[in-house]
Amino acid sequence: MTTRGDPKIWLRFTPAERIGRSMVYIIAAIAVVWSARTIEIIPEFLYDAPQQTADLFQRMWPFDIKYWPFVWKTLVETFHIATLGTILAIMMALPLAFLAARNFTSNAMLRWTAQFIFVSSRSVNSLIWALLFVAIFGPGAVAGVLSIAVRSIGFVGKLFGEALEEAQAGPIEALTATGASKPAILIKGYWPQTEPAFWSIALLRWDINIRESAVLGLVGAGGIGVALDAALNNLYWDQVGLILATILAVVVITEIVTSSIRSRII
Amino acid sequence: MTASAAPNAPSNMAAAAFPPNWPKRFAWAALTIYAVYAISVLDIDFERIVRGMDNARRLFARMFPPNLQADKLALIRDGMIESIQIAILATFVGVALSMPIGLAAARNLSPVGLAWAARGLIAILRSFHPVIVAILFVKAVGFGVLAGILALVVSTIGFVSKLFAEVVEEISAKQVEAVRATGAGFGHVLMFGVFPQVMARFVGLAVYQLDSNLRNSTMVGIVGGGGIGAPLFTAYQRFDYDVVLTILLIIIGIIMLMEVVSSRVRQIFQ
Numbered sequence: 001m002t003t004r005g006d007p008k009i010w011l012r013f014t015p016a017e018r019i020g021r022s023m024v025y026i027i028a029a030i031a032v033v034w035s036a037r038t039i040e041i042i043p044e045f046l047y048d049a050p051q052q053t054a055d056l057f058q059r060m061w062p063f064d065i066k067y068w069p070f071v072w073k074t075l076v077e078t079f080h081i082a083t084l085g086t087i088l089a090i091m092m093a094l095p096l097a098f099l100a101a102r103n104f105t106s107n108a109m110l111r112w113t114a115q116f117i118f119v120s121s122r123s124v125n126s127l128i129w130a131l132l133f134v135a136i137f138g139p140g141a142v143a144g145v146l147s148i149a150v151r152s153i154g155f156v157g158k159l160f161g162e163a164l165e166e167a168q169a170g171p172i173e174a175l176t177a178t179g180a181s182k183p184a185i186l187i188k189g190y191w192p193q194t195e196p197a198f199w200s201i202a203l204l205r206w207d208i209n210i211r212e213s214a215v216l217g218l219v220g221a222g223g224i225g226v227a228l229d230a231a232l233n234n235l236y237w238d239q240v241g242l243i244l245a246t247i248l249a250v251v252v253i254t255e256i257v258t259s260s261i262r263s264r265i266i
Numbered sequence: 001m002t003a004s005a006a007p008n009a010p011s012n013m014a015a016a017a018f019p020p021n022w023p024k025r026f027a028w029a030a031l032t033i034y035a036v037y038a039i040s041v042l043d044i045d046f047e048r049i050v051r052g053m054d055n056a057r058r059l060f061a062r063m064f065p066p067n068l069q070a071d072k073l074a075l076i077r078d079g080m081i082e083s084i085q086i087a088i089l090a091t092f093v094g095v096a097l098s099m100p101i102g103l104a105a106a107r108n109l110s111p112v113g114l115a116w117a118a119r120g121l122i123a124i125l126r127s128f129h130p131v132i133v134a135i136l137f138v139k140a141v142g143f144g145v146l147a148g149i150l151a152l153v154v155s156t157i158g159f160v161s162k163l164f165a166e167v168v169e170e171i172s173a174k175q176v177e178a179v180r181a182t183g184a185g186f187g188h189v190l191m192f193g194v195f196p197q198v199m200a201r202f203v204g205l206a207v208y209q210l211d212s213n214l215r216n217s218t219m220v221g222i223v224g225g226g227g228i229g230a231p232l233f234t235a236y237q238r239f240d241y242d243v244v245l246t247i248l249l250i251i252i253g254i255i256m257l258m259e260v261v262s263s264r265v266r267q268i269f270q
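First to last, the sequence lines map onto chains A and B.
Here this note's numbering is used: position 235 in the first sequence is 235, and no number is missing along the way.
Here this note's numbering is used: position 41 in the second sequence is 41, and no number is missing along the way.
A portion of the hints provided could be inaccurate.
Here are the computed lysine to aspartate or glutamate pairs in the EDC-like style, where the Cα-Cα straight-line distance is at most 16 angstroms [as the list claims (entries may be wrong)]:
{"hint": "1", "chain 1": "B", "residue 1": "K162", "chain 2": "A", "residue 2": "E255"}
{"hint": "2", "chain 1": "B", "residue 1": "K24", "chain 2": "A", "residue 2": "E255"}
{"hint": "3", "chain 1": "B", "residue 1": "K72", "chain 2": "B", "residue 2": "D240"}
{"hint": "4", "chain 1": "A", "residue 1": "K73", "chain 2": "B", "residue 2": "E259"}
Covered stretches of chain B, going by a simulated chain A footprint (3 or more residues, C-beta under 8 angstroms) [what the hints assert, rightly or not]:
{"hint": "5", "segment": "28-39"}
{"hint": "6", "segment": "213-220"}
In case anyone wonders, no lab produced these hints; they're calculated from the structure.
Only a predicted model underlies this, so the values are computations on that prediction, with no experimental measurement involved.
The C-beta atom is built at its ideal place from N, Cα and C for all residues, glycine as well.
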C-alpha cells in the first residue's frame, strides 16, 4: 500500500464541464416533455393516415401531361427568379461583407450594423419575405426575386465576411507598400484570395435558392409554386404529381451541375 | 503599371504582372447579358418599382406602431409557443433518427450496400422544400401541428444525418481499432471508439438544426401545418400590417435569442 494520498482517477471532463453538460441535457429533456404534453394531436386523424397516403399517390398517377406547357413556363420563371435573386443578393451582400470583416473595417459600430442586417435577413423565412414583397409590388416575379435576394444577403454576407477575415495580410501589405490605390488592393489583394470561397458560396446559395423559389408561388410571388398552388386549390392531384416530379428532376439536375462546376473551378 | 517599365528588364521577356484572363472575362460578360435578358423576361420595369415604392411607404405607415392589443398578443403568444414546440419535437425526433441513419450512411463503418441505401434515403428526404413536404403531410394526417412536425422531421433527417455521416467518415481509425483490439463488441466500439470523437460535432449539428427548425416552423403554418404561420398569413390577407410587424419582430427576437443560446451550448460541448 502506498501512503502517498489518493490515487489519481482520470476523468474526461472537469466538474464544471460535467455540470454544464448535465444542465443542457436536463433542459433539453424538460423542453421535449413540455412540448410533447401540451401539443394537441388528434388521434382520429392518424387512424386513416395510411389510406390517405395511399389515396394521395393513387390520385397523383398518371400525371396530367396536358398541364405541362404551363408547368414549363413557370419552371423557367422559377429559374430566372432564383438566378436573378442570387445575383442581386451577391451585389448587396459584398459591400456589407467588407463592412462586417474585422480586418477591413475597424469601426465596431459599422461591423455591428452589418451583422444586424445579416441576422435579420436570415431570421425571416423567404416565404415570409415573399408575403411582404407581394404586398408591396403585387403578385409576380418581382416579389419573388426580391424575397430570394433579401433572404440570401445574410447567408452570402456572413460566409463571405468570414472568408475575408481569413485572407492573409501579406499580399495586402505588399500591395499597400507599392502605393496601390484602395480599389487596386481590393481587386488584386483581397479578391484572388477569396475568389474560391466566393464561387463556392454563390453556387451553394444558388442551389438553395432554386429549391426555395419553387415554393414562393404559394404566396403569389411567381414561379412553379403558382402552378402548384393552382393545382392544390383545385385538388388536381395528377397535376400536383407532375409538378413534384418536375421539381425533383430540377433539384437533381441542379445538384449535378453545381457539383461539376465546383469541382472544375475550385 | 506594367513590368516592362522596370529598369534593366528587356520588355519582351517580362510577363505582365496581372495577365488578362479572357475566358473569365467572357463568363462575366455572359452573366451580365443573362441578367439583362432575365430582367426583361420577368418584366421588371422602372415604373413598377416606383409604384411599389409608393405602396411600400403606405405599407410601412400602416405597420407602425406595432399592434400590442392584449387579444392579439395572446393569439401571437399561443402561435409562437406552438411553433417552438413544433421545432423542439421535430428536432428531437429527427435527430434521434438521424443518429442510426447517419451511422448507416458512413462508409467507414457500415457495409457498402447499407451505406448506399442510407445515402439514397437521405437524398430523397433532402430534395423537397419543407413547405412542400408539409403540404403532403397535411393531406396524409390532416391540418395541425402533427403535419408540421413530420415535415420538419423529414428535413432534419435530411440535413443532420448527411452531415453526421461526413463527420463519422472523418474520424481517426486508431481509437476504433484500439477498442476493437480489447475484444469489444460493435456496441462498445461505437460507445467508446466512435462517439467520443463525434459527439461534440453531433451536438453542434443538432443545435444548428434546432435553429433552422425554429425558422421553418414559422412557415409551415402557411399551408396548414400549425404554429405562428397561420396567424401571420391571416394578418397579411386582412391587411393587418401592424399585427404582421408585431409577429415579425417577435420572430426575429426569438431567433436571435436562440442563436445566443445555441452558441452557448456549442461552447459547453466544445
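Violating hint indices (sorted, rising): The structure conflicts with hints 2 and 4, although it agrees with all the remaining ones.
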